[in-house]
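Chains as they are written, first to last, in our numbering: chain A, 1 to 201; chain B, 1 to 195.
If you're looking for bench data, these hints aren't it; they were derived computationally from the structure.
Quick reminder that beta carbons are idealized off the backbone N, C-alpha and C, glycines included.
Be aware that one or more of the hints could be misleading.
Claimed, not checked - Pulled a few chain A residues facing chain B out of the computed Cβ check, cut under 7 Å: (1) 39; (2) 47; (3) 50; (4) 52; (5) 127.
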Amino acid sequence: MFENLVPDKQKSEYKIGQENVQEHENDNSYTFHTGSVDDYAELVNELKKPKQEYDPPSPDEIDEIVNSIENHDKSGGGGKISEMASEGVAKFVVNNIDRIFSFILDLIAQNDDDDIDFSADADEKAELLEAWKLLFPDPSKNLPPWAMVTISTFMIYGLKGRNAWQLRKQKQELESERAKISEQRKEIEDLQKRLDIQNNG
Amino acid sequence: MDNLDIDIKTRPGRKSRCILILGKPGTGKSTLAYKLMKEYGRGLMVLPSYDDWADILPELDINCPDSYNYNGVKHHVYNTDNDFYYIYNMYHNGIVCFDDVRAYIPSNFDYSHFKKMLIRPRQRMLDVIIMAHGFSEVPPKLFTFITDYVIMDIEDSPDIRKKYLSGKLDILTKTVDFVKSKAHNNPHYFKWLQL
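Put together the whole structure using the sequences plus the hints.
Written out as structure tokens, the structure is:
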């Protein structure tokens, strides 16, 4: 049945196991239960086929590997703390860049629609983050906290200024519409009064 | 064609595999990976943090060359990117399994030692197993290296990575739907695809 899901021309390229067969297997250390015993058996067989043979690294090579990493660690590279510091600054930069660019793109498109969002999605932000992290490998060269606070405050509230300005403009337009309507109502009432006088007179 | 190409093509034996196991929590990804490593005879499970598997499996001393001479399955809890460098260079002929990759593999791993594990596993006789809860949690660039998919019940769909799954999207979508329909009766149900 499942084989039918594969397009004909692709059938030869895909290896698909048989239908659902229940398996309960116990050994001393764990219990395993799979719905696709044939898929499992085939996968195991595949992995057990002999691999292309390559020699393991020689003891000299291994010494070199261990030394090179130890020297790298001593020079401050690759540590978890520096990674975390880099990530913090990179996140800060990426989020602010995203705000600026989405603001500029909104302006270019004259976009007032909340449903149209030019911000980067989570994947795109993650990709930017990895790139920016590389620019901040050394925590001592990161942005000082006061600069981060100032920039983020400005970025968050400064960009909200556009929304505030738009809201103010909409309120003014609404107010002028209201004034127009009340003027027109007054005119209608006056005309109605005149009509009443004429009809009665 | 140079001598190197001839050597790779005529050298007997199979090539290294890069298997992506996808399944939501509780579907049995780690158990399946463990079982495959046990069957193979030699495996290393890299964990994002200390969990039950760290209690069950002996620990690998990551920077001690002697610690790599073993049969069976060991574990290592991820610490820094250098871990990948040690593993790639000192772990020979075995399966290395990365549990919950979203926790420690950067979405752009061009500058990570992890990349070497994907580009040149053959020279170390390594098979790589990568585990994640769904397609959205797999770094997009990683799909280029995947040779096998093991699909368990997942929350998302391959559509979310359609840009990176050209030509495979249809069969993966159908497989995901098929496994989902089976998972009602058996949460550990899976399908293996060689793509």
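Hint-by-hint comparison with the structure:
1. 39: holds (4 Å)
2. 47: This hint holds: residue 47 (chain A) lies near chain B, its Cβ roughly 5 Å from the closest one there, short of 7 Å.
3. 50: holds (5 Å)
4. 52: Where the cut-off is 7 Å and the nearest Cβ of chain B is about 4 Å from residue 52 (chain A), the hint holds.
5. 127: Constraint on residue 127 (chain A) satisfied, holds at 5 Å.
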